[in-house]
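J.: One-letter residues, chain by chain:
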Amino acid sequence: MIPQANLTFIAPIKAGRVDDLRNLLLSMNRVRGVADPENTLIPFSQLDEVHFARLVILDDPTASDVRAFHLPLPNYPIYLALFCDFDGELDIFLTKLVNCSSAGLTQIFEHCEGFSQNVDLRAWIKQHHHEPATSYVNWVGRTMLQVREEAALRLTIRTWLDAEDLRTKLPLRQLHGELRAYIASEQRAGRLRLTPAPETPLRWEIRNIAHLIGVPLLLLLLLPLLIVYAPFFIFQLRWRERRDPEIAPRPDPAYANQLAILEDHDVTNQFSAFGSVKPGLFRRWTLVYILWLINYTTRHIFNRGRLARVTTIHFAHWVFLDNKKRLFFASNYDGSLDSYMDDFINKVAFGLNVVFSNGIGYPTTNWLVLDGAKDEQKFKYFIRRHELPTEVWYNGHPGLTALDLQRNSLIRQGLENSAMSDSQLQEWVQLL
Amino acid sequence: MTKPSSIDFADIQGLVRFGYGSLTEASFLLLQVRDALAARAWLASAPVSNAVALTQAPDTALQVAFTCEGLRSLGLEEDILAAFSAEFYAGMTGDESRSRRLGDTGANSPQYWQWGAKGKIPHLAVMLYAKENLLEGWAQSVRGQHWDDAFEVLDCLPTSNLFGVEPFGFADGISQPTLDWNQERQVKGDELAYGNLVSLGEFLLGYPNEYGKYTDRPLLPVNESTTNLPSAEDKPDLRDLGRNGSYLVFRQLAQDVRRFWRFMDERAGSDPQARQELAEMFVGRRQNGQPLVDLKKEPIDGIDPENAPLNQFTFDGDASGRHCPLGAHIRRANPRTCDLSGASDNLFSKLKHMLGFGENDYGQDVIASTRFHRLLRRGREYGPGLSVQDALQPAPENDAERGIHFISLGANISRQFEFVQNAWVMSSKFGGLTGESDPLLGNREPIPGCPVTNTFSITQANGAKRHITTVPQFITVRGGAYFFLPGIRALRFIAGA
Numbered sequence: 001m002i003p004q005a006n007l008t009f010i011a012p013i014k015a016g017r018v019d020d021l022r023n024l025l026l027s028m029n030r031v032r033g034v035a036d037p038e039n040t041l042i043p044f045s046q047l048d049e050v051h052f053a054r055l056v057i058l059d060d061p062t063a064s065d066v067r068a069f070h071l072p073l074p075n076y077p078i079y080l081a082l083f084c085d086f087d088g089e090l091d092i093f094l095t096k097l098v099n100c101s102s103a104g105l106t107q108i109f110e111h112c113e114g115f116s117q118n119v120d121l122r123a124w125i126k127q128h129h130h131e132p133a134t135s136y137v138n139w140v141g142r143t144m145l146q147v148r149e150e151a152a153l154r155l156t157i158r159t160w161l162d163a164e165d166l167r168t169k170l171p172l173r174q175l176h177g178e179l180r181a182y183i184a185s186e187q188r189a190g191r192l193r194l195t196p197a198p199e200t201p202l203r204w205e206i207r208n209i210a211h212l213i214g215v216p217l218l219l220l221l222l223l224p225l226l227i228v229y230a231p232f233f234i235f236q237l238r239w240r241e242r243r244d245p246e247i248a249p250r251p252d253p254a255y256a257n258q259l260a261i262l263e264d265h266d267v268t269n270q271f272s273a274f275g276s277v278k279p280g281l282f283r284r285w286t287l288v289y290i291l292w293l294i295n296y297t298t299r300h301i302f303n304r305g306r307l308a309r310v311t312t313i314h315f316a317h318w319v320f321l322d323n324k325k326r327l328f329f330a331s332n333y334d335g336s337l338d339s340y341m342d343d344f345i346n347k348v349a350f351g352l353n354v355v356f357s358n359g360i361g362y363p364t365t366n367w368l369v370l371d372g373a374k375d376e377q378k379f380k381y382f383i384r385r386h387e388l389p390t391e392v393w394y395n396g397h398p399g400l401t402a403l404d405l406q407r408n409s410l411i412r413q414g415l416e417n418s419a420m421s422d423s424q425l426q427e428w429v430q431l432l
Numbered sequence: 001m002t003k004p005s006s007i008d009f010a011d012i013q014g015l016v017r018f019g020y021g022s023l024t025e026a027s028f029l030l031l032q033v034r035d036a037l038a039a040r041a042w043l044a045s046a047p048v049s050n051a052v053a054l055t056q057a058p059d060t061a062l063q064v065a066f067t068c069e070g071l072r073s074l075g076l077e078e079d080i081l082a083a084f085s086a087e088f089y090a091g092m093t094g095d096e097s098r099s100r101r102l103g104d105t106g107a108n109s110p111q112y113w114q115w116g117a118k119g120k121i122p123h124l125a126v127m128l129y130a131k132e133n134l135l136e137g138w139a140q141s142v143r144g145q146h147w148d149d150a151f152e153v154l155d156c157l158p159t160s161n162l163f164g165v166e167p168f169g170f171a172d173g174i175s176q177p178t179l180d181w182n183q184e185r186q187v188k189g190d191e192l193a194y195g196n197l198v199s200l201g202e203f204l205l206g207y208p209n210e211y212g213k214y215t216d217r218p219l220l221p222v223n224e225s226t227t228n229l230p231s232a233e234d235k236p237d238l239r240d241l242g243r244n245g246s247y248l249v250f251r252q253l254a255q256d257v258r259r260f261w262r263f264m265d266e267r268a269g270s271d272p273q274a275r276q277e278l279a280e281m282f283v284g285r286r287q288n289g290q291p292l293v294d295l296k297k298e299p300i301d302g303i304d305p306e307n308a309p310l311n312q313f314t315f316d317g318d319a320s321g322r323h324c325p326l327g328a329h330i331r332r333a334n335p336r337t338c339d340l341s342g343a344s345d346n347l348f349s350k351l352k353h354m355l356g357f358g359e360n361d362y363g364q365d366v367i368a369s370t371r372f373h374r375l376l377r378r379g380r381e382y383g384p385g386l387s388v389q390d391a392l393q394p395a396p397e398n399d400a401e402r403g404i405h406f407i408s409l410g411a412n413i414s415r416q417f418e419f420v421q422n423a424w425v426m427s428s429k430f431g432g433l434t435g436e437s438d439p440l441l442g443n444r445e446p447i448p449g450c451p452v453t454n455t456f457s458i459t460q461a462n463g464a465k466r467h468i469t470t471v472p473q474f475i476t477v478r479g480g481a482y483f484f485l486p487g488i489r490a491l492r493f494i495a496g497a
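Residue numbers (my numbering), protein chains in the order written: chain B, 1 to 432; chain Z, 1 to 497.
Excised from the complex, chain B in its bound form (with noise of 0.2 Å):
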């Protein structure tokens, strides 16, 4: 199994050159909202690991809602966001997204602070590489090979049964062995790919193991001192619970349209929020421990398609900036936002409220995970007007949803298992 990994780098953007970038990023767009996969400036499409890509413009306009905490306004520059979700190591991928694109990131990186001509490309962006308090991954392990290949399993497969109907009304077992030998002769021809899944890196599978063990052991060594803290984060819980402005109007409707013109040309959709975290120690330290242990839940629990009930997230990245004063949320999901903020506030409103009820004006929770996103209306309002343009978005795999995935390695799966139970055969053809 090869892990996927991601590059979220980030750098300020030099004063009055932000318009500027936009352009440049614009450029390499086929139309708003759809990446041209062949752009000169960095060719995705040269870059076969690459699930997902995204440049945006870290530019929020709700920085000043610090305001109702009776704060100045900060200083905050604007920041550059690069984000690409692959297969392999972070390391490799550099090598290979520079060699392949690096007058293109000079043209771009040119916007950015302490940048310079004769820097190290490679070394310069691993340097404003931040790594994520939280990522979730659809499925740990599924690399975008594997997403074509069996994409072109299925559709082989298909292809084969829509041929002649009466393919489809064989006894199972014969239905299997036939189409198990007509891939093979696939195969055999070269028209076909089924590569087997590679080793897991021993190295990965060490830190990962340490960090399956290592983080229960840390709570149970912290136990004591958080059953004392307990009573007191409740108190401080509640009574910030109870005097916590909302800040949920209406967004713009200019600046709503300008987030829709990117939307729904494709089965999935990008999304980028970002935001202020509330001011003081308490909210800060909450959201940092709440991260954490939702990382781990995502990096062994929820990596095998859902993320608790919801299965439309391919990719997702919580990243802090500026001190932890602020967050930056990225995610690839299919749907149009309505549907996606409806699975949120109908499915995993609990999980959203306990990590964005600690940003500024969020609609009120209880307990931390009551309420809040149950708020329907100022829960959209609230991710609407949070949301930033994402001015480049790429998608290795248009037209695939996450079900789609998983249904296509079902498949896969099942074809190359010669000793199916009648029970799994049964189930295995429905997913044809």
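Don't read these hints as lab results, they were simulated from the structure.
As the structure is a prediction and not an experimental result, all values here were calculated from the model.
Just to be clear, a hint being listed does not mean it is correct.
Calculated cross-link-like contacts (lysine-lysine; reagent style BS3-like; alpha-carbon spacing at most 30 Å) [to be verified]:
id: 1; chain 1: B; residue 1: K324; chain 2: B; residue 2: K126
id: 2; chain 1: B; residue 1: K126; chain 2: B; residue 2: K14
id: 3; chain 1: Z; residue 1: K350; chain 2: B; residue 2: K374
id: 4; chain 1: B; residue 1: K374; chain 2: Z; residue 2: K235
id: 5; chain 1: Z; residue 1: K297; chain 2: Z; residue 2: K350
id: 6; chain 1: Z; residue 1: K350; chain 2: Z; residue 2: K213
id: 7; chain 1: B; residue 1: K374; chain 2: Z; residue 2: K352
id: 8; chain 1: Z; residue 1: K352; chain 2: Z; residue 2: K297
id: 9; chain 1: Z; residue 1: K297; chain 2: Z; residue 2: K188
id: 10; chain 1: Z; residue 1: K350; chain 2: Z; residue 2: K296
id: 11; chain 1: Z; residue 1: K297; chain 2: B; residue 2: K374
id: 12; chain 1: B; residue 1: K374; chain 2: Z; residue 2: K213
id: 13; chain 1: Z; residue 1: K213; chain 2: Z; residue 2: K235
id: 14; chain 1: B; residue 1: K325; chain 2: B; residue 2: K374
id: 15; chain 1: Z; residue 1: K235; chain 2: Z; residue 2: K188
Looking from chain Z toward chain B, a few residues come up when the C-beta cut is under 7 Å (computed) [unchecked claim]:
id: 16; residue: F9
id: 17; residue: R101
id: 18; residue: G173
id: 19; residue: G356
id: 20; residue: N422
id: 21; residue: K429
id: 22; residue: G432
id: 23; residue: R466
Here chain Z is said to cover these stretches of chain B; the calculated rule only asks that three of the stretch's residues, wherever they fall, bring their Cβ under 8 Å from a Cβ of chain Z [stated by the list, open to error]:
id: 24; segment: 170-183
id: 25; segment: 252-259
For glycine and all other residues, C-beta sits at the position ideal for the given N, C-alpha and C.
Based on these hints, arrange chain Z on the given structure of chain B.
T.: Positioned in the frame of chain B, the structure of chain Z alone reads:
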């Protein structure tokens, strides 16, 4: 939550409560305001029908609804308009991304519409209903003296009475939500069973919705002009322009009945029974309305016994689609899912399901909970009826257009109509399927990475799916707009604006 107040049926337009089924004649006038003063004068005295139940059905009825442009042309201020929902404010054809979401692309693009696209957006819909032979007279008497000064007729949409059957020949309008007029519904947490009784606030503005919240709508300060408006239940200091009103989604859908039955005939090898069965699988019901899945033994909340033979069912027992294809029209339009699929009523089971450990098989628990996405349908057919036999005959020259004036009511266009249209009906990825959209309504347009969306899959007895390929487009959008169907007092306020 505020204590529910009693319902003032005299302040609600009748269409919310009644389908006016006994008024078999109807026509819809799409108007633009020529003179705001004259238009307001007509509105001030228009005999708009309310929702008070009468012992005997009336002979005639009149309903009036406005687009955002219409309210603007009548002089409502911009900040009031902007307080309506964003979808209403932008309009059905307001931006390309909305058209993409609604499937209004290709042959469905607004640029080809008879009405509803830029320049042809109606200001108001005047909806006339009457008993047989009374419509013409009713239309005359409704006009009154200001009419010609007030309005320019953009289009006049006639309807026809096909006796409860839509143009393809299927019984229609069977599944409708039951409105909680008694305001008895108390939603506490996740609902573990599909129910058909829906909070009033899902269909009428100014009442709590399925989330127990009030949908945003224009609330105005108390002054001379607003004094006759009802006060807002959640903010008693303000007057509620939305209360007792609803949004009305109107789409004119042309149905190619000949193409539909010819396709079925061709794929069924001209066998009449196979042809009918194939068409019934597309719909998910028999032509007489009987569902393809078995009825449930236990009753469903909000479905009364007389409706049970056609409606007392869910798709829970047919996860494989062997009885009713997974992408059949009625499964997409109303999947009858609950909040927490598969969970039983104890804390452990609920928690397990909430965290995603309950329904782990492929395709389980992927369709959103239905109660937040219901449509109250009030559509009418148009064009002459056409039997299956006639549909298979060569078309005469100048064959008439036939179809449906799809009309649905709801308090939240985005969460109701747009969601159902986008995530369920038009989606080529509904419920874990791929390469197929609604077998009746789909536009068959390719999408990036998905060149084929014109398939329909049928699960056979052995579990394998048979694909009906290259299904043509049967239904084309000819027009559409988002309207606001105000309460009666709100209507008089608009008239006096």
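J.: Now tell me, hint by hint, if it's right for this structure.
T.: Structure-based check of all given hints:
A threshold of 30 Å between alpha carbons decides the hint, and for K324 (chain B) with K126 (chain B) the separation of about 20 Å falls inside it, so the pair holds. For the given pair, K126 (chain B) sits about 19 Å from K14 (chain B) by alpha-carbon distance, which is consistent with the 30 Å threshold. The hinted pair formed by K350 (chain Z) and K374 (chain B) meets the criterion: a straight-line CA distance of about 18 Å does not exceed 30 Å. Restraint check for K374 (chain B) and K235 (chain Z): the C-alpha separation of about 20 Å stays at or below 30 Å, so the hint holds.
For the given pair, K297 (chain Z) sits about 24 Å from K350 (chain Z) by alpha-carbon distance, which is consistent with the 30 Å threshold. Taking the CA atoms of K350 (chain Z) and K213 (chain Z), the gap is near 24 Å; set against the 30 Å cutoff, the hint holds. For the given pair, K374 (chain B) sits about 20 Å from K352 (chain Z) by alpha-carbon distance, which is consistent with the 30 Å threshold. For the given pair, K352 (chain Z) sits about 27 Å from K297 (chain Z) by alpha-carbon distance, which is consistent with the 30 Å threshold.
At roughly 25 Å between alpha-carbon atoms, K297 (chain Z) and K188 (chain Z) fall within 30 Å of each other, so this suggested pair holds. Between K350 (chain Z) and K296 (chain Z), the direct Cα distance comes to roughly 23 Å. Compliance with the 30 Å bound is thereby established for this hinted pair. Of the supplied pair hints, the one linking K297 (chain Z) and K374 (chain B) is violated, its CA atoms being roughly 33 Å apart against a limit of 30 Å. For the hint linking K374 (chain B) to K213 (chain Z), the alpha-carbon distance of about 9 Å falls within 30 Å, and the restraint holds.
Pair hint K213 (chain Z) plus K235 (chain Z) holds up; C-alpha atoms about 12 Å apart against a cutoff of 30 Å. Taken as a hint, the K325 (chain B) and K374 (chain B) pair is honoured in the structure, with Cα atoms around 26 Å apart against an allowance of 30 Å. For a cut-off of 30 Å, the pair hint linking K235 (chain Z) to K188 (chain Z) stands: about 23 Å separates their Cα positions. Hint on F9 (chain Z) is violated. Least Cβ distance to chain B is approximately 27 Å, over the 7 Å limit.
Given the 7 Å rule on beta carbons, the hint for R101 (chain Z) holds: about 5 Å separates it from the nearest Cβ of chain B. Interface hint status for G173 (chain Z): violated, as the beta-carbon distance to the closest one in chain B is roughly 26 Å, over 7 Å. Nearest Cβ of chain B to the Cβ of G356 (chain Z): about 4 Å, under the 7 Å cut. The hint holds. The beta carbon of N422 (chain Z) comes within 5 Å of a beta carbon in chain B, closer than 7 Å, and the hint placing it at the interface holds.
For K429 (chain Z), the shortest C-beta to C-beta distance to chain B is roughly 5 Å, which falls under 7 Å, so the interface hint holds. Interface hint at G432 (chain Z): satisfied, since its Cβ lies 5 Å from the closest Cβ of chain B, which is below the 7 Å cut-off. At its closest, the beta carbon of R466 (chain Z) sits 5 Å from a beta carbon of chain B; the interface hint therefore holds under the 7 Å criterion. Evaluation of the coverage hint for the segment 170-183 of chain B: fulfilled, as 4 residues show C-beta separations to chain Z shorter than 8 Å, against a requirement of three.
Given as covered by chain Z, the segment 252-259 of chain B passes the check, having 3 residues with a CB less than 8 Å from a CB of that chain where 3 are the minimum.
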